[in-house]
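**Student:** Given chain A, put chain B in place with the hints provided.
Chains as they are written, first to last, in the numbering used here: chain A, 7 to 390; chain B, 8 to 533.
These are calculated hints, taken from the structure and not from any lab test.
Some hints here could point you the wrong way.
Claimed, not checked - Taking lysine-lysine pairs in the DSBU-like style, the calculated list, with each CA pair at most 35 Å apart, reads: (1) A:Lys254 <-> B:Lys402; (2) B:Lys225 <-> B:Lys154; (3) A:Lys380 <-> A:Lys180; (4) A:Lys252 <-> A:Lys384; (5) A:Lys76 <-> A:Lys252; (6) A:Lys180 <-> B:Lys402; (7) A:Lys384 <-> A:Lys35; (8) A:Lys252 <-> A:Lys216; (9) A:Lys180 <-> B:Lys518.
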Amino acid sequence: MSAITSALPLPASGRVPLTLRVFAALDRKAWIALGVFLALALVVVPVLHLAVPPESLFHVSTYAITLIGKIMCYALVAVAMDLIWGYGGILSLGHGLFFALGGYAFGMYLMRQIGRDGSYQSDLPDFMVFLDWKELPWFWLGSDSFGWAAFLVLAVPAIVAFVFGYFAFRSRIKGVYFSIITQALTYAAMLLFFRNETGFGGNNGFTDFKRILGYSITAPETRLVLFGLTAIALAATLVFAAWLVKSKFGRVLTAIRDAESRVMFIGYNPLWYKLTIWVISAVLCGIAGALYVPQVGIINPSEMSTANSIEIAIWVAVGGRGTLIGPVIGAFAVNLAKSWFTVSFPEYWLFFLGLLFIVVTLLLPQGLVGLWKKIMNKKQGAAA
Amino acid sequence: MKKRLLTLLLLAGALSAWAAPDPALVRQLAADDNSDKIAAIQQLAAAAEPGTTRLLQAMADDSLYALDGKLFVFDGENTLDALSGETVELPEGADTITVNNRLRGELANALAALKLFDDDREVRLSAAQELQSNVGAELAPVLAKAKAAEKDAEILALLVSAHAKASLQDADPAVRLAAVEALASVNTPAVRSLLLPLTEAAGESDAAVRNAAVAAVKSIERSLAWGDTLAAVFTGLSLGSILLLAALGLAITYGVMGIINMAHGELLMIGAYSAYLMQSLFRSQFPELIDWYLPAAIPVAFFTAAAVGVLMERTVIRWLYGRTLETLLATWGLSLILIQAARVIFGAQNVEVSNPSWMSGGVELLPNLILPWNRVIIIGFALFVLFLVWVLMNKTRLGMFVRAVTQNRAMAGCVGVPTARIDTMAFALGAGIAGLGGVALSQISNVGPDMGQGYIVDSFMVVVVGGVGQLAGAVWAALGLGIFSKLLEGWAGAVIAKIMILVAIIIFIQKRPQGIFALKGRFADQ
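Here chain A stands alone, though its shape is the one from the complex (with noise of 0.2 Å):
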């Protein structure tokens, strides 16, 4: 156990501060950069979208805001992925669930919001008394409070990733195994989603919401502070992520990916390391979720498909996996690239997409984050 920490460069944990520990996590180009990207966040883009004329150039369409606050949430998402799939080689096809369960768990909240602004003018959600009930069922109780509902969207990803996690990898289920397995999890899910009797508006899912915490949801200024929390947990996230890979968890998370039997011989039991990183990570989904349902404007069961989880799969192998700037890029790059060709190409966004899916696992093993580390390298190389 020492061998291996007191092998690496870092003081062994335990002896230092956390704070400073954190604060180790990053290196000053890296905390200068996030530095920068929340001061465009939180100062420039609110300026540029509020005091700017919408005809001038410089000005940020709230179009603009909501693409760009969609595609860091998915950045969010992208971040947890590489967490479970870079770090802990365990490639998940149902990460789209626990960013589903997240945005299905805050928009209760932003449905009972809506009051009686309702088609039907009911305290009832419409879909429901659309279905002809008289209260709500249990599960929506409380669904009225922010608290309850900000504690649901960090505790049922959790509590499912929990249970499903511990019965997975108690049974050493990996590989291929295990994505199957997450892609037929989600499978279920999304069935269950889809009917009218299970409570969550069916395949129209829920959407027409008018307010959260009493401020209306169309406001710029709403959707600016919303922007800017999705930017602040983005952040936040990183850091948190690049203190926990660093950690002496992170490292014997590692070892798992490369020599899972080594590190079980050498007295570890992966089943923990395994339970932690996953739960982990689906909570971070389930934030990316809440955040994603009040800027978008509707969940609904399609979240949870198996085509967008492979795609946040993609995301962070375009990025680049083992690194944590990567999935952001990754996120950014083919998001951006989708709702271009989405305008302008439909018919050829699938033939890109699957063309990504390809060139990335067969060229860019490394992701776009290695492909500059070898320009950079190769650099070096000629300019010694």
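**Tutor:** Showing chain B alone in chain A's frame:
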């Protein structure tokens, strides 16, 4: 002497050709009141005199005319007197007898009842079948008469049930009781609803009949429940055979190379579109042979899918050897491209693939258990493919190599098995079997670009439950999953059934991570 005899015979023939029923009843057919007409029709049918058929048929065809108590039949050329059969001039002012819908129904029943006395067995059979529904009490006498005269067992059974149905409204409780008891052995939903009113005091005054009806309804329901269960098992078998066709190829490639081909469903799609293309080709080039497009599509689908499989293996999968998770993603990319290609080539809409005439229809085992031919044939086809794969895997050199690589790739390579070539061959084989599965699917479900997407999870579940590298495992798992999910569907609905199956599988691999049939051996890591 001979001539005289001939004349006599001719005369007798003419007489029998125009033997007329009771004149009073015939005249009553022209009555003003519809009830009188119906009474006449029923009595004529009950008497079943020769010649009645022609008369009633003429009435049903609106070619029976009446004037002043005389009736005339117009047979297309001549007008004949309905009673004497003489050719006459149609008198001025004679009008057709008006037949409304109620009368038409009565006429149809009466005519069917009369056909029960026809010499042709087929005519009697179809008449008896027609009389299984909507028989009224008035037909009871004629049915009894026909029953007494009938020799053919099949027709007799039908007549017994028709007679029982007709006598359910008889005034005599003993007759009703006999009828109920006779019907207890006829297990159809229609008889159940016929007997149901008799189980209540409002519908049946006699206690003995009521009790018999209760018992009869119970026994019918028991037998119907059997039929429903058997029907669920059969659709389960049919689903299982489809799953088997989809999973066999996946099991081979997963066993040999340890990879999941996410584009496997799209190979099914390619097989189905091959069937569609063969159908179009036969329609335009050999319309007289259109029924044979399906057998022709089988090799085409196999080789098309196998060729696509080889292409996939050579261009993508081979280069990702040992990186199973990346292979999964790359094959997902391939599946997206194949789906979009199908959309561009064939359009996003489903295309129409019709069953050949020899596959439509079905065989009726129980009144509520009909086995459609297309499903029966697909089960047979799956067995046939399974047999071929078994022969290939167990009796040929290629099969031996494939099994060897499945068990231990490194050791197989050491003793000279060309593992790279075996990979390609195994992948082509798996893809080809998927193509065959696609042909089968085209006969029972929609053919469209997205059709393969739903099968990847299901067929992988088969592989997981069955165990890797074992044909027997795939067979048991496919049939078991098919039958279980259909039985659960009848009980809990399709969505809940699917979720229950998935949860059950997740629990199952807790206990047996290697599946039902595991390869024996010692592995620290796979």
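**Student:** Hint by hint, note whether the structure agrees.
**Tutor:** Hint check results:
1. A:Lys254 <-> B:Lys402: Violated, because 54 Å separates the two Cα atoms, which is more than 35 Å.
2. B:Lys225 <-> B:Lys154: It holds: about 27 Å lies between the C-alpha atoms, which stays within 35 Å.
3. A:Lys380 <-> A:Lys180: holds, 31 Å
4. A:Lys252 <-> A:Lys384: holds, 27 Å
5. A:Lys76 <-> A:Lys252: Roughly 29 Å between the alpha carbons, so the hint for Lys76 of chain A and Lys252 of chain A holds.
6. A:Lys180 <-> B:Lys402: The hint holds at about 34 Å.
7. A:Lys384 <-> A:Lys35: holds, 21 Å
8. A:Lys252 <-> A:Lys216: With Cα atoms ~43 Å apart, Lys252 of chain A and Lys216 of chain A exceed 35 Å; violated.
9. A:Lys180 <-> B:Lys518: Answer holds: Lys180 of chain A to Lys518 of chain B is near 15 Å, not above 35 Å.
Violation of the numbered hints given earlier is confined to hints 1, 8; the remaining hints are satisfied by the structure.
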